Amino acid sequence: MNRKQKHTLIRIIISAVLLIALCFVHLSRPVMCVLYLIPYLVIGYDILKKAGKGIINRQPLDENLLMAIATIGAMVLAVCRTGDFTEAVAVMLFYQIGELFQSCAVGRSRRNIGELMDIRPDCANIEGPDGIEQVDPDEVEIGTVILVQPGEKVPIDGIVEDGNASMDTSALTGESVPRSVRPGDEVISGSIDMNGVLRIRTTREFEESTASKILDLVENASSRKSRSENFISRFARVYTPAVVIGAVLLALVPPLVQMAMPGMSAEWGEWIYRALTFLVISCPCALVISIPLSFFAGIGGASREGILVKGSNFLEALSAVDTVVMDKTGTLTKGVFEVTGVYPRQGLTQDELLQMAARAEMYSSHPVALALRGAAGDAAETGSVEDVEEIAGHGVRASVDGKTVCAGNMKMMKLAGAEGITDAPAGAEGLPCTPEEAGTRIHVSADGRYAGCIVISDVIKETSAEAVSKLRAAGVKRLIMLTGDAKAAAEAVAEQLGITEVFSELLPGDKVEKVESLSGGAGTDGKSGTGEGPEKKGGSRKGKLAFVGDGINDAPVLSRADVGIAMGALGSDAAIEAADVVLMDDNPVKIAKAIRISGKCMRIVRENIVFAIGIKVLCLLLCALGLVGMWAAIFADVGVMVLAVLNAIRTLFVKNL
Amino acid sequence: MKKTYKIEVDCANCANKMELAANKTEGVKEATVNFMALKMKVEFEEGAEPQTVMEEVRKNCKKVEDDCEIYL
Numbered sequence: 001m002n003r004k005q006k007h008t009l010i011r012i013i014i015s016a017v018l019l020i021a022l023c024f025v026h027l028s029r030p031v032m033c034v035l036y037l038i039p040y041l042v043i044g045y046d047i048l049k050k051a052g053k054g055i056i057n058r059q060p061l062d063e064n065l066l067m068a069i070a071t072i073g074a075m076v077l078a079v080c081r082t083g084d085f086t087e088a089v090a091v092m093l094f095y096q097i098g099e100l101f102q103s104c105a106v107g108r109s110r111r112n113i114g115e116l117m118d119i120r121p122d123c124a125n126i127e128g129p130d131g132i133e134q135v136d137p138d139e140v141e142i143g144t145v146i147l148v149q150p151g152e153k154v155p156i157d158g159i160v161e162d163g164n165a166s167m168d169t170s171a172l173t174g175e176s177v178p179r180s181v182r183p184g185d186e187v188i189s190g191s192i193d194m195n196g197v198l199r200i201r202t203t204r205e206f207e208e209s210t211a212s213k214i215l216d217l218v219e220n221a222s223s224r225k226s227r228s229e230n231f232i233s234r235f236a237r238v239y240t241p242a243v244v245i246g247a248v249l250l251a252l253v254p255p256l257v258q259m260a261m262p263g264m265s266a267e268w269g270e271w272i273y274r275a276l277t278f279l280v281i282s283c284p285c286a287l288v289i290s291i292p293l294s295f296f297a298g299i300g301g302a303s304r305e306g307i308l309v310k311g312s313n314f315l316e317a318l319s320a321v322d323t324v325v326m327d328k329t330g331t332l333t334k335g336v337f338e339v340t341g342v343y344p345r346q347g348l349t350q351d352e353l354l355q356m357a358a359r360a361e362m363y364s365s366h367p368v369a370l371a372l373r374g375a376a377g378d379a380a381e382t383g384s385v386e387d388v389e390e391i392a393g394h395g396v397r398a399s400v401d402g403k404t405v406c407a408g409n410m411k412m413m414k415l416a417g418a419e420g421i422t423d424a425p426a427g428a429e430g431l432p433c434t435p436e437e438a439g440t441r442i443h444v445s446a447d448g449r450y451a452g453c454i455v456i457s458d459v460i461k462e463t464s465a466e467a468v469s470k471l472r473a474a475g476v477k478r479l480i481m482l483t484g485d486a487k488a489a490a491e492a493v494a495e496q497l498g499i500t501e502v503f504s505e506l507l508p509g510d511k512v513e514k515v516e517s518l519s520g521g522a523g524t525d526g527k528s529g530t531g532e533g534p535e536k537k538g539g540s541r542k543g544k545l546a547f548v549g550d551g552i553n554d555a556p557v558l559s560r561a562d563v564g565i566a567m568g569a570l571g572s573d574a575a576i577e578a579a580d581v582v583l584m585d586d587n588p589v590k591i592a593k594a595i596r597i598s599g600k601c602m603r604i605v606r607e608n609i610v611f612a613i614g615i616k617v618l619c620l621l622l623c624a625l626g627l628v629g630m631w632a633a634i635f636a637d638v639g640v641m642v643l644a645v646l647n648a649i650r651t652l653f654v655k656n657l
Numbered sequence: 001m002k003k004t005y006k007i008e009v010d011c012a013n014c015a016n017k018m019e020l021a022a023n024k025t026e027g028v029k030e031a032t033v034n035f036m037a038l039k040m041k042v043e044f045e046e047g048a049e050p051q052t053v054m055e056e057v058r059k060n061c062k063k064v065e066d067d068c069e070i071y072l
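If you read the protein sequences in the order shown, they are chains C and X.
Residue numbers for the first sequence follow our numbering, beginning at 1 and rising by one.
Residue numbers for the second sequence follow our numbering, beginning at 1 and rising by one.
Please keep in mind that the hints were generated in silico from the structure rather than gathered at the bench.
These numbers come from a predicted model, not from an experiment.
Hints may be right or wrong, so weigh each one.
Computed cross-link-like contacts, DSS-like style, restricted to lysine-lysine with a CA-CA straight-line distance of at most 30 Å [stated by the list, open to error]:
hint	chain 1	residue 1	chain 2	residue 2
1	X	K3	C	K4
2	X	K39	C	K655
3	C	K49	C	K4
Residues from chain C that face chain X, not an exhaustive set, calculated with beta carbons under 7 Å [said to hold, decoys possible]:
hint	residue
4	K50
5	K53
6	N57
7	Q59
8	S103
9	E219
10	S233
11	A236
12	V288
13	I289
14	P292
15	F296
Glycine is no exception: its CB is placed at the ideal position from the N, C-alpha and C atoms.
The following block holds chain C by itself, in its conformation from the complex (with noise of 0.2 Å):
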């Protein structure tokens, strides 16, 4: 509790100890009305004060003026009919602890948060020239480097220059299984030294490195106000004045038609009171303090999921998708080729045709020769290559072992004059096996003889398949995979995960149309056949696009989807910029993560309208005929509040979705 929570609670205890006190005391009633204003003053006077200030400066209705007109009138009251004063001094004490409750969970849940996105870093280690330094990380220039011990956050993104750690990134990333780093590495700020010191050169300033941009975004999340959140301030805005005219009504028409009527006589005292109760309930605190709470705590537990979510307006849309689009490479599968399928010929071993190969590709930097390499694993290492010769759109070749081998397309082993291959693969003499699986074939041939092929492709990631399910399971009606490969790669990629809408070979600019026609013209698409009526055509459509890449070559068809999420964004900034939501570790799970998530935000939000107005209404309506009186009026607020905050709160929960 801050000072000013600590000196309303106060005023708070002092009132209601004089309160019960007073009840105690029977005199005449000018005296009791002079010793109730004390506990009156002692809870209301800012109150009173603010309404005061509200009305020099023309400022339409408040809460405050309501509270003040609302207990006066009660005050007034209890001189000239009920003498009952405790009421006006009870509803202020409520209110003030209604407030003081609201102010409290508020604050605690900023803190939360606060905690939550720990990524700040205080300090930076220099080497000096007498000793380690601690320094400012905003003095740091580009190129320093820095010391990190065990147990610090690395403060600044910057290469491993000496020295081996296991990294916590979980802060960032959500993901608990620590990275570990050597020299050359990167390393981005934010992330948790375990067990080792390393010296790091830094590569970016504070301001620039990871941990800053992620806490400015998360901090300016909330800035983007949802649909939600502006219904609120102008509901709010409507609300209070159209209650005052309620209750002016409520005070005014039924005694006068009581008067009109023969034989009633008016009971002005009655409706007035009731009046009054009508505007103690009135206040709107409910709904506008729990809307932008929900999304806030919503916002914040994403983020420690390692989902960054730019806006309440995205989280709200991102709880709409129902068509979701995503990139091939880098998003469902790892954008790296490995060889997926060796088929020698009979009489040469597996191993045998992947060591011929890589050794034949040793010196080159292709993916493809990255691959063989890797396959082949050390062994390729040892035995002589010589003359290498790269024949750009063919392949290469290479005297390995004194034989000579190539290495290449179809083209490759033409030239090669490879024996026992024909154009067409299947059942071809020499052909070991039918490779038939989607990928890059690599054929290999020793000294004109044809040796094997290998096929080569990128890897599907091993949580796509999971992901996909996932997403249907969140609600996604429409699974679509945009790829630029080609046709059969793309469609066997989609088949093993279970997506039935492809479209392939695309050119970047392709798939900016494609975005744009799926999000579109969706609902008047044959294929979707929802039955929506000619007059949604253009694009007005309920359910939300979106488009999810790799952040790499597809800023513009991120922007232009209806959320555009970009995946293993650590460190690219751009992608950062293009997208609405940012998921820092490449794992397309979170992608299904992030849409249930939003549906609980919305959820949450749209029981607290609900609730909060719902109770109101009834509220209102049971002072209305006089079924509950003040007291249960402000209690009936207060409750509502706490549990439209308590509910608001929940969103900050969101490790199990």
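Fit chain X to the given chain C structure using the hints.
Just chain X now, kept in the frame of chain C:
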């Protein structure tokens, strides 16, 4: 030009009122108040002097919500 200021305000509704008041101030192109982060982000009109505009913003905010503060 955009600048972010730290603010102090107690209730969400008051933050909304501050936002409205700030937006009505001359020289302010767009202002957003983030109640949860207690920050006000102000985009100034071309050629406006932030310091003087913000003094005015603070005055207007004080008018609608007495109990608020903007740290300039």
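Checked hints:
no.: 1; hint: X/K3 x C/K4; result: 28 Å, holds
no.: 2; hint: X/K39 x C/K655; result: 28 Å, holds
no.: 3; hint: C/K49 x C/K4; result: 16 Å, holds
no.: 4; hint: K50; result: 5 Å, holds
no.: 5; hint: K53; result: 5 Å, holds
no.: 6; hint: N57; result: 5 Å, holds
no.: 7; hint: Q59; result: 6 Å, holds
no.: 8; hint: S103; result: 6 Å, holds
no.: 9; hint: E219; result: 5 Å, holds
no.: 10; hint: S233; result: 5 Å, holds
no.: 11; hint: A236; result: 6 Å, holds
no.: 12; hint: V288; result: 4 Å, holds
no.: 13; hint: I289; result: 4 Å, holds
no.: 14; hint: P292; result: 6 Å, holds
no.: 15; hint: F296; result: 4 Å, holds
The structure fails none of the hints (numbered hints given earlier).
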